[in-house]
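*Asks:* So the chains spell out like this:
2 protein chains.
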Amino acid sequence: MRVVQVGTGKMSVFTMRYVRERGGEIVGAYVRRSAVGKDISELIGCEKTGVIIEKREDMDASLKRLKPDIAIVTTRSLIKELYEDLEVLARNHVNVVTICEEAFYPWDSNPIYAKKIDELAKKYGVTITGSGYQDVSWGSMVTALCATSASIKKIHGISSYNIEDYGLATASMHGSGLTMKEFEKEILEVNNVSEEKMKELISEANFLPGYMFPVNGWIASALELHPTKITQSAEATTHSTDLYSDTLKKTIPAGDATGLKTTVTTETEEGIVIVTECIGKVFAADEIDVNEWIIEGEPNMRFVMEKPATAEMTCACAVNRLPDIIAAEPGFVTTDKMPNLKFVRTFK
Amino acid sequence: MRVVQVGTGKMSVFTMRYVRERGGEIVGAYVRRSAVGKDISELIGCEKTGVIIEKREDMDASLKRLKPDIAIVTTRSLIKELYEDLEVLARNHVNVVTICEEAFYPWDSNPIYAKKIDELAKKYGVTITGSGYQDVSWGSMVTALCATSASIKKIHGISSYNIEDYGLATASMHGSGLTMKEFEKEILEVNNVSEEKMKELISEANFLPGYMFPVNGWIASALELHPTKITQSAEATTHSTDLYSDTLKKTIPAGDATGLKTTVTTETEEGIVIVTECIGKVFAADEIDVNEWIIEGEPNMRFVMEKPATAEMTCACAVNRLPDIIAAEPGFVTTDKMPNLKFVRTFK
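Taken in order, these protein sequences are the chains called A and B. Sequential numbering of the first sequence, starting at 5, is according to our numbering. Sequential numbering of the second sequence, starting at 5, is according to our numbering.
No lab work stands behind these hints, which were simulated from the structure alone. These numbers were taken from a predicted model, which means no experiment stands behind them. Among the clues, some could well be false.
In this list, chains with the same sequence are indistinguishable; a pair is considered to hold if it fits within one copy or across any two.
[Said to hold, decoys possible] No farther apart than 25 Å at their CA atoms in a straight line, the calculated lysine to any residue pairs in the SDA-like style are these:
{"hint": "1", "residue 1": "K68", "residue 2": "V31"}
{"hint": "2", "residue 1": "K52", "residue 2": "E208"}
{"hint": "3", "residue 1": "K14", "residue 2": "G301"}
{"hint": "4", "residue 1": "K346", "residue 2": "R306"}
{"hint": "5", "residue 1": "K127", "residue 2": "G13"}
{"hint": "6", "residue 1": "K119", "residue 2": "A315"}
{"hint": "7", "residue 1": "K52", "residue 2": "R26"}
{"hint": "8", "residue 1": "K203", "residue 2": "S164"}
{"hint": "9", "residue 1": "K158", "residue 2": "G27"}
{"hint": "10", "residue 1": "K127", "residue 2": "N195"}
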């Protein structure tokens, strides 16, 4: 399997190594800014490979020369931001897996670009797919748990992460350290969209889905449920005592915002409700990252994963997906339409 | 879908109701001892159905009249004990799902009977399958978690249950309340088999697998791993303080046996080790049923299910499996060879 890597940040270090460990070959790598001219071995930490990181601008010419089977795209979080790269890849008949969060199931948050990408992929006979941590931890493990149900009323996912692990930009995006008044103005006005406003933004391809927004659509599709209403709401998280943030280099007073909780609720024709809560905040000493899913129905069920290693899991999922993507029919094929993800020791 | 129920104990109450909730029809029910002559509504708690529970001896004639598509068998834990019923069902061209623990993957513990049943099923063109709680909680959830791995060294499952929930016979089988000396003689001599003794027992179709023994083979098969060595060992569980058992109506002194832990270890050609620990004991006040799986590798991962509702989950899995079994090719087809189990709202 001949693979190219698009984006050479933190995640590419894992994806490129995992491809090589499975007997795949990284034949090219592209980046917009830094790292151009380096051998990819400087990122992976292996013997020299002769694969030199090229400028994004040279990707088209490079792909024509290299003729890879598939590209791993680890650059952006919204499918609109990916379109330009996807266009170049598809035109060169390169299949794509991306860990772009929205690409996991973009049909609800940006149907305009989802359709454009689907048409693009079909035109050139390639498959474009979103995978990552969510493919299993928010995907097949959840539908597996559902399969052990006699009946289901509600599927409820709660995922939390510590803002302290992600630096100042993320802290700022989550409103960590703001007073409630500031939070309302700076965070909620952007994130707390009404159903009408959401529809308007979607029709302009300008809606900003939370990390877990695509998960609701993926689960509904995997379970053959038909959504009737999707809402997204945001609120501040707080703590009962003062909390020092190493990232902010300040103490957040009790009652001020420690971060952001985004809740996506999907109602379905079948009467099953899907609720996902995504919580990014400055953790107190006794708090840890948790991925928790609760099924309400007969019987009530729950599983918990503590401190998931999201970076490694994201990259392992994307790489384990490569054979399925190459085997899939052309189009923007979300993984709910593929076999459940399998652990791949060696590419065949 | 026309379904017959074989065995009308506690589990049949769930399975029959779940079939009916999905639009299936229970057309017959058979039992060896009690309940003969009752309408199945007396078990399910619904309006009269006209389906009268028949004697096991009359099953052959009844099946010829009823022509069901599939049977749900909820009687015994070892495949050898099922053979007689399976023979009657297969001969009448009835597919079978059973919650018999060994049937989940019997090729290691009783290959002689597994082969006999496979031949039987093929001869009459039916599919015979083991499903239940293990299909998801010890099966597809585990392989899903594995799919998010970059590499795997060890797959480690730990399942525990409270002997107090299962009555005196189970307590006795687990040696609860015995002194260590008694435990050694009464429990370990039967359960702690050497590799040689295990091979001998298997060659005579007399090996007694622990509840989780079949799980190791199922996981290995699902992940396309090749076992080189399988061992089963047993040991007593103890508690650091005295523990009152309501089932035994006595206090178990600190250090005496509270129950039995059975460990099955599978080594594979691929270097991945599968270890399952099944722990049945009298619980202390702060202990609860747990189903826990740990993947050691890159990265380390873990999921936990607390207090799983095993009876409901077992029956829901078996019933959700019915369409897959009818669609499968003839033979003794274990579920690792089928699509991952899905939640089924309505039989199509």
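*Asks:* Each hint needs a verdict: does it hold in this structure or not?
*Replies:* Checked hints:
1. K68 - V31: within (12 Å within a copy, 64 Å between copies)
2. K52 - E208: neither (46 Å within a copy, 58 Å between copies)
3. K14 - G301: between (40 Å within a copy, 20 Å between copies)
4. K346 - R306: Cα proximity of K346 and R306: in one copy and across copies (23 Å, 17 Å).
5. K127 - G13: neither (30 Å within a copy, 58 Å between copies)
6. K119 - A315: neither (29 Å within a copy, 45 Å between copies)
7. K52 - R26: For K52 and R26, only the intra-copy Cα distance (18 Å) is at most 25 Å; the inter-copy one is 59 Å.
8. K203 - S164: neither (27 Å within a copy, 49 Å between copies)
9. K158 - G27: Between. Shortest inter-copy distance 21 Å satisfies the 25 Å Cα cut-off; intra-copy 42 Å does not.
10. K127 - N195: neither (35 Å within a copy, 63 Å between copies)
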